Amino acid sequence: MNAAIARGDDGRDIVIDVQHLTKRFDGRAVVRDVSMQVKRGTIYGFLGPNGSGKTTTIRMLCGLLTPDEGTGTCLGFDIRTETDKIKRKVGYMTQRFSLYQDLSVRENLEFIGRIYGLQKPRAAARAAIERLGLSGREEQLAGELSGGWKQRLALGACTMPSPQLLLLDEPTAGVDPKARREFWNEIHALAADGLTVLVSTHYMDEAERCHEIAYIAYGELLVRGTVDEVIAASHLTTYVVSSRSAGGIGLSALVHELEHRPGIDMVAPFGTSLHVSGRDADALERAIGPYKERRDLDWQRSEASLEDVFIDLMGRAKDNFQ
Amino acid sequence: MNQVIPDEAPRRTRGDGFWRKTWAVLIKEFIQLRRDRVSFIMIVTIPLVQLLLFGYAINTTPRDLPTALLLQESSDVGRSILAALNNTRYFKVTELPRTEAELDRLLASGKVLFGIEIPANFERELRRGDVPAMLVAADATDPVAASSALSALGRLVQTALAHDYAIPQAGTAPFEIRTHARYNPAAKTELNIVPGLVGTILTMTMLIYTALSVTREIERGTMENLLAMPITPIEIMLGKIIPYVLVGFVQAAMIIAIGVLLFGVPMLGNLGVLAALSTLFIAANLSIGYTFSTVAQNQLQAMQMSIMFFLPNILLSGFMFPFAGMPAWARAVGEALPLTHYLRIVRSIMLKGATIGDLRYDAAALAVLMLIAMTIAVTRFRRTLD
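So the protein lines, in turn, are chains A and B. The numbering used here puts the first sequence at residues 1130 to 1451. The numbering used here puts the second sequence at residues -5 to 380.
Just chain B, same shape as in the assembly (with noise of 0.2 Å):
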């Protein structure tokens, strides 16, 4: 309806009043904000949530740093590296495998980062001063954890070998470190940079497809018609997550041909694996943005709380900072994380060529993840109005 405004009454021309007008739209939108009361706490917690979590849990320096140590000799001098290197914050020597064979599987598996290993007669060859070479084999998968370790190794062991044993260390090292990077000898950053990216971009995806899924629906009033007919909530919730599974699915094998063809990342493990692992995690993700958006109230809430989940999956997943670096209770964080587990899988599968065995923690772990998710996801769904 036009409502017609004769010319004598007082107008209000053209310019003036912007700023009564910017006024007035600021003034409800505060308005809107306050009575959203998870949107308002969010302000507040978001920023300081995550400035704290990852101020304490991001370190470059990476320390700890899970290392098998093979002993082919028992002797003072084999005992002596292993009491050195854990009293270092560098490694932490949380394996001590009996055979070659068995080193191997623990690098593979990633369940170390570095194995070490004092061969036998060791301790005679350096007592004898012939230099015996001690052999380091390091993941390099993640060349910046690898690197800083790696250059402390040699002057640790020589400090240690003096203090306990007076082996001379004037003129030439008694001994020689024969170090083996594995998997990624050149340490190019985007061998581990790529396969990373696919499980981030995937992650960041996925979660946005469903997160407004429900939301979407309750704001368009098209719920009320949806409950008011006879289908089940676990029927809607995987109605709503299968389609995206395959886009997912599809986003997947694009980026992975593009960093195989591109950035020459090897494909070294069995590529039906890793689509099958890839499609649980992708399922997994969409569980989780499912299950935000039964939570939300509205589609801003479940793209906040998108965002609030996506963060640590970068920060905490071992995607940008070493995993191993970070302390205990951020590890624990991480361990609840989807992308955590697919990115010891993308990338042990595509760099080491690791199998579905190497990998069943990972892989349980996301399906439980998963199953968590949806678990949640159906029994927030509200059946009712009320």
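Bound conformation, chain A alone (with noise of 0.2 Å):
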């Protein structure tokens, strides 16, 4: 069920290459069986609901858990033997703002300077400040920052160090659309001097913002590839109903009718109209052939969005698993 993904051949533009990783936790798998690559310079969007393993797996990439089984390597390193020479280059943003929240901003960048052996630690703290715009904020205290500047210090702390590969987990949790964009502008800035970022997310616009993405849910990654590729991989045949009647009355009724019948795997309320999607074109189209014909209905075939895709997988590992 994955998507193919073109493999990198040259084993050293592979940043991330990790095989067959589980973790449990008294005995519960809560990453299971995932393998993964990454390749230098790009933005990996890591997917996936709620407690789906996505912290745990970055945690295993970076050292900060050690698999129960599997093998990998990150930045050429060993995650299991060599965690601190992949400690050196990489920088990690934990999902919980992580820095001193008594200290100031520049003292925490002064902090992690000396820590990670930099030349001159207070002129990166200034030059770090410098470049996240917090001038002005730099004796202010971490802990007062609000969520936005924080999430902006907390990016630049990881990437004061110049590290090889990000690992952001949930940055733009709790953060207003505009800091999320002028985040994911950084991002990319960042990308395109060749850093390889791997950043855990929620949200489908930022998904689309990756080059790449791996879908995880119940422990076990679903799919990857492009966002192309993973929706053409779903093979989910969708339509776009909407009612022509003036606000879309009756197009509750119609969900709780159409959730039910055979060839329609899902049906999702979109504002004024809905996405009824199928795994099986033909199927679906036998099931909605009454339907077409209601005059007050608008039927058009769409594309299907990566949430349907998404929420299509999480409903058939859910099936696999419980």
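Hints are computed from structural coordinates only; laboratory data are not their basis. A quick note: this is a predicted structure, and the numbers were derived from the prediction, not measured. Built from N, CA and C at the ideal position, the CB exists for glycine as well. Please note that a few of the clues may not be correct.
As the list claims (entries may be wrong) - The calculated DSS-like cross-link candidates involving lysine-lysine, where the alpha carbons are at most 30 Å apart (straight line), are: (1) A:K1249 <-> A:K1214; (2) B:K105 <-> B:K182; (3) A:K1279 <-> A:K1168; (4) A:K1218 <-> A:K1168; (5) B:K234 <-> A:K1249; (6) A:K1279 <-> B:K234; (7) A:K1168 <-> A:K1214; (8) A:K1218 <-> B:K182; (9) A:K1214 <-> A:K1279; (10) B:K234 <-> A:K1214; (11) A:K1279 <-> A:K1307; (12) A:K1218 <-> A:K1249.
Stated by the list, open to error - Calculated Cβ distances over 12 Å to all of chain A for the following chain B residues: (13) L27; (14) M36; (15) T55; (16) A322.
Could you fit the two chains together into a complex? Lean on the hints.
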């Protein structure tokens, strides 16, 4: 079910290369048999619902957790035995703000500069403050910054030691749209400079800004590839249904009618319209045939959205694991 | 988000619900307490262990006080006195020095609390009725420990001699006991207490500084970031301990200065040696506090461990009650506490003018305790979030 991706033949261009990673907590597998490859300079989106194992996978990549099974390399270093070398070259932005709240912006950055052994930590911190647009706030305590500024500071902190790989764990959770957009512009700028970025997110619009994505649910990596590849590989046929009568009346009743018909795998309301999808195009056509005749409904064949694909994947994964 | 409650909805008025809400918090607290297994266990074990430990260990009437007996003559009377001393619960002759110089050294190093000297011709003068003098030097740095034993000494020797040799005891005593309370002749308790307080106060402050250092990072979520950075457990430990060595040093200097200026405690020994050994003691306590913080799962547990460690430090170290008076097992526990060694160091240097040579055992013990704590801390430190 994996989307075919062009495997980089040149081993040196693969920044993350892990096979069959499994991690259990108290006997419960949180990550199961995850294999992935990330090429240098790509922005790799790591998607999945809450509790799907995204954070656990990222922590295994940077040496914070030891996998129970599986092997792999990160930046060419073994993720089991060479975590010290990995830590030197990876910038990890935790999901929860984890800089020192009671240190100022400048003090936090200088601390990081010193730990990574930068030649001139004070100058490096000053440069980072400049680059992040935090000038004027450098003496403010990190804990007093607003959500957007905290996130910008955290990103600045993990890029300051010039890492080769960035691992960002839900960096934009709780951040307003403008800050989110600026953040992604920054990520693209960094990737253009050759930095590899693995970023986990819930947001579909963010997924579409990634070069490649992987979708994980219930600890299992379900699909990976470019956005187009993932959509194509899903073989979903989708119709957008809207009501011709004013106000979209009757659509909610339609949801209940359609939901359990064979051939229809997913019905989801989107504003004033419904997305009706099925994995088998013929079966879907048969199922919706009678409704297409209805004059009050407008049926438009459309491309499945990434969200349709993911919700469908989640549904299928649930069938497999529960 | 403010929830707007319409006026018609049934409202709880201000006063009522007081107990209901208190009850809600109470239930929540109990659930949280039950979840924290270690704290739950400590609720029972702290009082139990401490009560049994201290109930049996603490004894204000000291016994088996280590004593050195210098026999300047080889006589039956001397042997009889030795036997009599050992038969009492007060004294225990642990050393038999051959010269006065040796006796002095034993007292200075704190190996013995009493030095008893039977001069030459003691027996002959005794038999002649010349009332010879028996010389007793007592280490009076701890006046409590010394006084009750001293008062018993005269009676004791007299009885022994009367019993063994039928030396008449009617009327005047057949011999004289010449007591010399060394180091603290006026038997001022503050001379003993104030140097002791240096160690006690430092133990308390130092433990707390580091006991929370790791658990705080875990609870605030900064540990994940720290662990993801290229830094080793030893670097983290030393970085967290060293600043407080300085803090402790300032505290120690302050307490000692006040002790000397305000309480009139003498400073007979070398201040440099005291400073060096105080630093060692401070570092040892910081290491132990740091070890607690790597073992504890949260700040509450770290605090409980510190208290559990602090109490024996006060009660079994010789700070409150004479060390020599405790049973052997309690003294063994005491030897494992940094404060026990530091009390000997600080009292000996300030009151007796002891040198580093006299204190090498206690200095080495402090260093060993510190290294053990550091080793445990570094090995216990979780480098991953597994």
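To see whether the hints hold, each was checked on the structure:
1. A:K1249 <-> A:K1214: holds (21 Å)
2. B:K105 <-> B:K182: Distance ~22 Å between B:K105 and B:K182 Cα, so the pair holds.
3. A:K1279 <-> A:K1168: holds (29 Å)
4. A:K1218 <-> A:K1168: Roughly 16 Å between the alpha carbons, so the hint for A:K1218 and A:K1168 holds.
5. B:K234 <-> A:K1249: The hint holds at about 23 Å.
6. A:K1279 <-> B:K234: holds (25 Å)
7. A:K1168 <-> A:K1214: holds (19 Å)
8. A:K1218 <-> B:K182: violated (64 Å)
9. A:K1214 <-> A:K1279: holds (27 Å)
10. B:K234 <-> A:K1214: holds (24 Å)
11. A:K1279 <-> A:K1307: holds (14 Å)
12. A:K1218 <-> A:K1249: Holds, because 18 Å separates the two Cα atoms, which is no more than 30 Å.
13. L27: About 22 Å separates B:L27 from the closest Cβ of chain A, which puts it past 12 Å; holds.
14. M36: At about 24 Å from chain A, B:M36 clears the 12 Å cut-off, so the statement holds.
15. T55: holds (52 Å)
16. A322: Fine: 45 Å to the nearest Cβ keeps B:A322 off the interface.
In terms of the numbered hints stated before, the structure departs from hint 8 and from no other.
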